[in-house]
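J.: Chain by chain, the residues run as shown.
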Amino acid sequence: MDKIIKILVRFYPVFLKGLGGTLWLAAATVLFGTVLGLVIAILRMSRIRVFNAAAGVYIEILRGTPILLQLYFFWLMLPKIMPFQMSDTAAILVALIINASAYISEIIRAGIAAVDPGQWEAARSLGLSETNMMRKIILPQAVKNILPALCNEFIAEVKGTSLASVFFIPELTTSYRTVQSTTFLSIQPLLIAGMIYLFVTTVLSWAVRRMERRLKASD
Amino acid sequence: MTEPIIRTVDLHKDFGDIRVLRGISVDVKPGEVVSIIGPSGSGKSTFLRCLNRLEEPTSGSILFRGEDITKTKNIAEYRQRIGMVFQNFNVFPHMTVLDNITLTPILEKKIPRAEAEDRADELLRRVGMLDKRGEYPRKLSGGQKQRLAIVRALAMDPEVMLFDEPTSALDPEMVKEVLNVIADLARSGMTILNVTHEMGFAREVSDRILFIDEGIVQEEGSPEEFFTSPRSARAIDFLSKVL
Chain H
1 MDKIIKILVR FYPVFLKGLG GTLWLAAATV LFGTVLGLVI AILRMSRIRV
51 FNAAAGVYIE ILRGTPILLQ LYFFWLMLPK IMPFQMSDTA AILVALIINA
101 SAYISEIIRA GIAAVDPGQW EAARSLGLSE TNMMRKIILP QAVKNILPAL
151 CNEFIAEVKG TSLASVFFIP ELTTSYRTVQ STTFLSIQPL LIAGMIYLFV
201 TTVLSWAVRR MERRLKASD
Chain P
1001 MTEPIIRTVD LHKDFGDIRV LRGISVDVKP GEVVSIIGPS GSGKSTFLRC
1051 LNRLEEPTSG SILFRGEDIT KTKNIAEYRQ RIGMVFQNFN VFPHMTVLDN
1101 ITLTPILEKK IPRAEAEDRA DELLRRVGML DKRGEYPRKL SGGQKQRLAI
1151 VRALAMDPEV MLFDEPTSAL DPEMVKEVLN VIADLARSGM TILNVTHEMG
1201 FAREVSDRIL FIDEGIVQEE GSPEEFFTSP RSARAIDFLS KVL
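Protein chains in written order, with my numbering: chain H, 1 to 219; chain P, 1001 to 1243.
Keep in mind the hints are simulated off the structure, nothing from the lab. For every residue, glycine included, the Cβ atom is placed at its ideal position computed from N, Cα and C. Some clues are possibly wrong.
Using 20 Å as the maximum straight-line C-alpha spacing, the simulated PhoX-like pairs for lysine-lysine come out as follows [what the hints assert, rightly or not]:
1. H:Lys-17 to H:Lys-159
2. H:Lys-216 to H:Lys-144
3. P:Lys-1109 to P:Lys-1073
4. H:Lys-216 to P:Lys-1109
5. P:Lys-1071 to H:Lys-136
6. H:Lys-144 to H:Lys-159
7. P:Lys-1109 to H:Lys-144
8. H:Lys-136 to P:Lys-1110
FRET-style restraints, in silico, Cβ to Cβ [to be verified]:
9. P:Glu-1204 to H:Ala-53: 21 to 31 Å
10. P:Glu-1122 to H:Thr-131: 48 to 58 Å
11. P:Leu-1130 to H:Ile-67: 50 to 60 Å
12. H:Ala-53 to P:Arg-1231: 50 to 60 Å
13. P:Glu-1173 to H:Ala-113: 33 to 43 Å
14. P:Leu-1130 to H:Ala-113: 32 to 42 Å
Work out the full structure: start from the sequences and follow the hints.
T.: In structure tokens, the structure reads:
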């Protein structure tokens, strides 16, 4: 116990910096993953068969292979095929975004599918164009279904980005590795990192539940 | 002989192996109020939903003012001229009463907002809901939601109104307020097709009754004829159960 406190006193800036890296990675992943995921979802719902099938294959591959394998793949491939110098962090971030986009596109698709069919029919019966129907009627209602799931995706990414420590990208699990290799103590820094993860995810889960309740109340 | 506003010719609709509509040919004249009645599962709602192509007919044609709308790519343009009211209201829950009404006129008919709002207010006054214009639908009763749905459709100045069991989802004490609005509309000269279980109402406001069962029009005639001396065995059987 006193070892834990000693490590904390000495290395808390390392852990804090790691936490910052974790939150930044997770936020960037979900943010850009949502943009890309929206595009994939639109393609997936398209009536044009080629788009629909291509999006389906994209989603299947990313959800059907281990994320660590995907990280290795992009970490090796991206710097090779890019015409400019690409840092490890950038390559891993791109990999995380692409991986998240597959899951997020399905979240968006499910959120849209959950809108009452009567809303589509009413919009169509009025003679709204398909674009205006999506913009004004369907998407605003789908957002209520999508938002809580997106926040849960963010919580999942807070934990998921720990895989980036394999590539020594600055984030919380990498902080653990740094402290471990400096102090030659393993269990104590691991417990510290774990407690920080648990604290952050618990607070975020609580916030999401609160938001869900408020969204329900406004129905 | 005036041209029919809606004419269907040998309309068929299959859902997989189930043949829901099996050849419906009907003419509706401008200003006519037609009630469509029949047992549940008879195809009467499907027939109504084919008229604005919420359901795609399997075969046959639908003529709106003489134009075949079964093949058109611009169905939205025709839907703007054909109002529809649903059993479950389907008002837009994330918009105020006023926005529910003005959304489509502003977006699709390019009517200036101020003008659209004036028109909405006038319609709301007609159905006794002017005081609700800023409310969200969750604050409305079922009867108010359905009156809003009617006003929302009327704001597009449709040439015909389709009602799909407009009072079936309402608590009994709210049926009357909705029927009154429809009756008013009928008196004002609107062309109406009304799928309904309200036999008394159908008898009172309709110019004609269509009795549909097993996907075909089994019998049609004036409300007087139909309710006092039905001819087909199916109609006699149906009326003996509901009256």
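J.: Take the hints in turn and mark each one as holding or not.
T.: Now the hints, each set against the structure:
A C-alpha spacing of about 16 Å is found between Lys-17 of chain H and Lys-159 of chain H, which places the hinted pair at or below 20 Å, so the restraint holds. With a CA separation close to 9 Å, the supplied pair Lys-216 of chain H and Lys-144 of chain H stays within the 20 Å bound. Distance restraint check for Lys-1109 of chain P and Lys-1073 of chain P: the Cα-Cα separation of roughly 18 Å lies within the 20 Å cut-off, and the hinted pair is therefore satisfied. Between Lys-216 of chain H and Lys-1109 of chain P, the direct Cα distance comes to roughly 34 Å. Violation of the 20 Å bound is thereby established for this hinted pair.
Of the supplied pair hints, the one linking Lys-1071 of chain P and Lys-136 of chain H is violated, its CA atoms being roughly 27 Å apart against a limit of 20 Å. Taking the CA atoms of Lys-144 of chain H and Lys-159 of chain H, the gap is near 24 Å; set against the 20 Å cutoff, the hint is violated. Distance restraint check for Lys-1109 of chain P and Lys-144 of chain H: the Cα-Cα separation of roughly 29 Å exceeds the 20 Å cut-off, and the hinted pair is therefore not satisfied. Between Lys-136 of chain H and Lys-1110 of chain P, the direct Cα distance comes to roughly 16 Å. Compliance with the 20 Å bound is thereby established for this hinted pair.
Checked against the hint of 21 to 31 Å, the C-beta distance between Glu-1204 of chain P and Ala-53 of chain H comes to roughly 55 Å, which is inconsistent with it. Glu-1122 of chain P and Thr-131 of chain H have their C-beta atoms about 29 Å apart, which leaves the hinted 48 to 58 Å range violated. Range check, Leu-1130 of chain P to Ile-67 of chain H: about 57 Å between beta-carbon atoms, so the 50 to 60 Å window is met. A beta carbon spacing of about 55 Å between Ala-53 of chain H and Arg-1231 of chain P agrees with the range 50 to 60 Å that was offered as a hint.
Checking the proposed 33 to 43 Å range against Glu-1173 of chain P and Ala-113 of chain H shows it holds: the Cβ atoms sit about 35 Å from each other. Range check, Leu-1130 of chain P to Ala-113 of chain H: Cβ separation about 37 Å, and the 32 to 42 Å hint holds.
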